[in-house]
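Using the hints, put the two standalone chains together into the complex.
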Amino acid sequence: MKIGVSLLALFRSFEQTGISIAIRRSKWGFAAIEMIHLIALALFGASILVLALRTLGALMRDQPLARVSRSLAPWWVAGFGTMLCSGVLLVADGPLRYYANAAFRTKMALIGAAFLCSGVWYRAALRASAPGPASIGLRTAAALSLALWLAVGLAGRLIGVL
Amino acid sequence: MSVLDFCKALYDSPIGTEIRESDNLFSAIETVHVLGIIGVAGTIAIADLRLLGLALRQVPVPQVLDPLVRITWVGFAVMAASGALLFWSEAQKLYGNPAFRLKLVLLVLAAGNAGLFHVTTYRSVAQWGGGPTTPAKARVAAVCSLTLWSAIIACGRAIAYR
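Line by line, the protein sequences give chains A and B. If you count the first sequence from 1, position 107 lands on 107 in this note's numbering, and the numbers rise without skipping. If you count the second sequence from 1, position 134 lands on 134 in this note's numbering, and the numbers rise without skipping.
Because the hints were derived from the structure by calculation, they are not lab data. Glycine is no exception: its CB is placed at the ideal position from the N, C-alpha and C atoms. Do not rely on the hints blindly, as some may be mistaken.
To be verified - Just a few of them, taken from the derived set where beta-carbon distance is under 7 Å, the chain B residues facing chain A:
id	residue
1	25
2	28
3	29
4	31
5	41
6	43
7	46
With the rest of the complex left out, here is chain B (with noise of 0.2 Å):
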């Protein structure tokens, strides 16, 4: 079975007619994940703006990263979910729309910086002081985080518009 036959089976699916036809239901998962940006993108430009010593510099890196790291986790689950369920209705439309599948590259590429930066610059955090100041990687993978997240962002409305 093909990538576009999958695609196809989850269009013409029970659950993704259900949901592509009934106008309450659809909105109501938009709105989620409308939202629930606030609780991905928005709480991880908080935590890119003190590792550019740009907001809360004067609390020490992991008691401000810590919290929204967490947050940042409930609110991937919300998003990944109400994200498979309006891919689900729409599948098979889904599959050709450039801006949906540049929106997967740049999530994967936004996956890769922050799990890049965690597992490599931030264990040395308990060394850089409690200061605005933090290491030069540590404000790389910040500057590139908020642009991957507003490019994000940007694709998902463009979905919508073919």
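If we strip away everything but chain A, and leave its shape as in the complex, we get (with noise of 0.2 Å):
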């Protein structure tokens, strides 16, 4: 398949960037990325959590969930952001060694499908200008994305394990 052969191509050639290299010589600046990876992640998990509960009614009841979104949301772009590019850090030290990983794929895969319905819930959100319960739907979607980044964070543990 022509996407097939392009991804490993690209894989091929990340490996022979100077990034790459630097990274796989330095043990501790592939820990110190970890560490930013980790330190992301609390800070994007907890800004989805804290969003998925003011949709389905948990905390919060009496604000907007449109304000809860919009001032939210920097935090949540902030902390993606900062785990994609220690992601993709990490996985200069080893980008055919990732490609190859079907954790890894299946992470990626699941990433795409995250970050849709987590966009389809957050549209929704930001026109949900009045307090109280938020609609079915938008519960339905902020309960799915929860579930499919919980799916991501699992995924991203096997890699080290397959």
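This is the structure:
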């Protein structure tokens, strides 16, 4: 398949870059990037969790969902962005090894799905400007997004195992 | 019995040995511990961001902190239990591990910082007004908290690097 061939080529050329060589050489560099990945996980995970809990009506019920969403957006964006950058650097440690890893591939597919689901959830949440309970559709999108992000986390943990 | 003797006893015990020698069991407990970061450091981070006026600034502080603190307590129970099991299986090795010792010290400091804030500064929260500005002491506590928890996460990762 054409996409498969060019993805493999992408990972191959990533392995030749200076950054990949540098990370492979530095054990502490890799450790530091893992630390950043985990700190960003705390920020990203908690912002999504708090937004989900508001959507599900578990906290801050008097606050309009739209307000809570707008307020937390910079933080899950910052968290996700940091996880993405640090994640790319972690892959730099051995691009072909990750390419071949089933858990990694699954995680990437799940990130795509979670991102799409969260996008639908977020855009709908921005329109929910009244206080009180969110619609069934919003609550479903929130619950599904949470489940998908949890699956992303679990797949990430399996990368080291497989 | 010295502390080291106690650690050796834990390490050699049937439970300690079982967790350590079983690939899946240790990984599963570690997964709970890693993803549990969201429930403790993550929820604390959102609370700290509110105290710094950087997130949910239009929401009165108690409406943010009170539900988050309840989640943090549950998360802490999960982290303490999973952490205790991980420690149990590796106790003898962890005894001399500088990252582990530092992590324990930082955990005590973080608990102290949070406890102090809650019994002093937070007592007057009803007088703060509903807006983004909070007392200086609250903001100092928030910065200390964010710093300590980032360091705790980093130490946690560093434990595996001997």
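Tell me the numbers of any earlier hints that the structure contravenes, in ascending order. 1, 2, 3
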